[in-house]
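> Start from the sequences and build out the full structure, keeping to the hints where you can.
So the sequence shown is numbered by my numbering: it starts at 55 and just counts up by one.
Hints were generated in silico from the structure; no laboratory data involved. Among these hints, one or two may not hold up.
[As the list claims (entries may be wrong)] Label pairs and their computed distance ranges (CB to CB):
id: 1; residue 1: Ile257; residue 2: Arg115; range: 15 to 21 Å
id: 2; residue 1: Arg99; residue 2: Leu239; range: 35 to 41 Å
id: 3; residue 1: Ser109; residue 2: Leu239; range: 28 to 34 Å
id: 4; residue 1: Pro232; residue 2: His153; range: 35 to 41 Å
id: 5; residue 1: Ala105; residue 2: Pro232; range: 18 to 24 Å
id: 6; residue 1: Thr205; residue 2: Gly150; range: 21 to 27 Å
id: 7; residue 1: Ser265; residue 2: Phe151; range: 38 to 44 Å
Note that the Cβ used here is the ideal one computed from N, Cα and C, for glycine as well.
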Amino acid sequence: MPPVERALTDVPPEKGLLPRALRRPWLLVVLAAPALFVAYLLISRQLGVNADGASNAIQAREMLHGNLLLRGWTVTDVSFYTNELLLFMLVELVYGFHHDTTHATAALVLTLVVLVVAAAAKGRATGREAAGRIAVAVAIVAVPALGHAATTLLTSPDHTGTAIPLLATWLVLEWARPGRGLPLLIAAMLAWAQIADPLVMYIGVLPSSSSAAGAPRGNARGAASTPASRSPAPARSCWPRARSCCSGRPAASGRTPPRRSWPSCPTWAGRSGCAYGWWRSTTARTHRTGTAPPTR
Numbered sequence: 055m056p057p058v059e060r061a062l063t064d065v066p067p068e069k070g071l072l073p074r075a076l077r078r079p080w081l082l083v084v085l086a087a088p089a090l091f092v093a094y095l096l097i098s099r100q101l102g103v104n105a106d107g108a109s110n111a112i113q114a115r116e117m118l119h120g121n122l123l124l125r126g127w128t129v130t131d132v133s134f135y136t137n138e139l140l141l142f143m144l145v146e147l148v149y150g151f152h153h154d155t156t157h158a159t160a161a162l163v164l165t166l167v168v169l170v171v172a173a174a175a176k177g178r179a180t181g182r183e184a185a186g187r188i189a190v191a192v193a194i195v196a197v198p199a200l201g202h203a204a205t206t207l208l209t210s211p212d213h214t215g216t217a218i219p220l221l222a223t224w225l226v227l228e229w230a231r232p233g234r235g236l237p238l239l240i241a242a243m244l245a246w247a248q249i250a251d252p253l254v255m256y257i258g259v260l261p262s263s264s265s266a267a268g269a270p271r272g273n274a275r276g277a278a279s280t281p282a283s284r285s286p287a288p289a290r291s292c293w294p295r296a297r298s299c300c301s302g303r304p305a306a307s308g309r310t311p312p313r314r315s316w317p318s319c320p321t322w323a324g325r326s327g328c329a330y331g332w333w334r335s336t337t338a339r340t341h342r343t344g345t346a347p348p349t350r
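Right under this line is the structure:
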């Protein structure tokens, strides 16, 4: 081929750090993760830590010292036992147990959330399409809004880390080969997440059940996930089953019986109505008496 034609037809390879990182996703993670963690840690240090974060840090310390089942503790209905508490243990093992532990854990949780969101947004796309997907998703998630949103994301656990196992579940559904073991794996991952946060029933189990039920019979991936996701009832009782399979006496759940909640229900609901509007007082009453799904 003449030199002139070669110059006109050959396309030079893309140069630069970003195209190289897109071709090697691990390089993008290595570059982005430390920067995100440091930024989130600096933001979190400007915010206060409430009793929830302090309790989680102490629980993780107890677990590191051998009390894995938290015997003697009364945990809330949203214990984060298999999610944030494990990250608290990791941070305390590496970084220590002190006033900065909760801030470091919150920064780690949000960093992992951003990375998993980027992986889920990328999917099977490559090149510029992958870059566009990642850019849009990260732009939405990576920068916490000022005020209450930053306090929720970067102080104490508040369902933020629940996105990590859920998005990991969707990634497994995206990349795993359909087979008999896939429904069992998805059910195990959802149960693992729901032990930590009952909210997974409503944002994970039920959506996957409805999508699997509506999947065409010819869809191999939908058919593979149908047997596990059409039966959300076992996931509802995954926390009692997880506790019953352990020897000894694990931590007790802190849900208040309805008969003990009724005396203070009118006052509590009235305060909620004054603050947020009387139309919400009905929801407040049902949550207070334990007849509505638990929230934190």
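> Each hint should be assessed against the structure and marked as holding or not.
Now for the hints, and whether the structure bears them out:
no.	hint	verdict
1	Ile257 / Arg115: 15 to 21 Å	30 Å, violated
2	Arg99 / Leu239: 35 to 41 Å	38 Å, holds
3	Ser109 / Leu239: 28 to 34 Å	32 Å, holds
4	Pro232 / His153: 35 to 41 Å	49 Å, violated
5	Ala105 / Pro232: 18 to 24 Å	46 Å, violated
6	Thr205 / Gly150: 21 to 27 Å	24 Å, holds
7	Ser265 / Phe151: 38 to 44 Å	42 Å, holds
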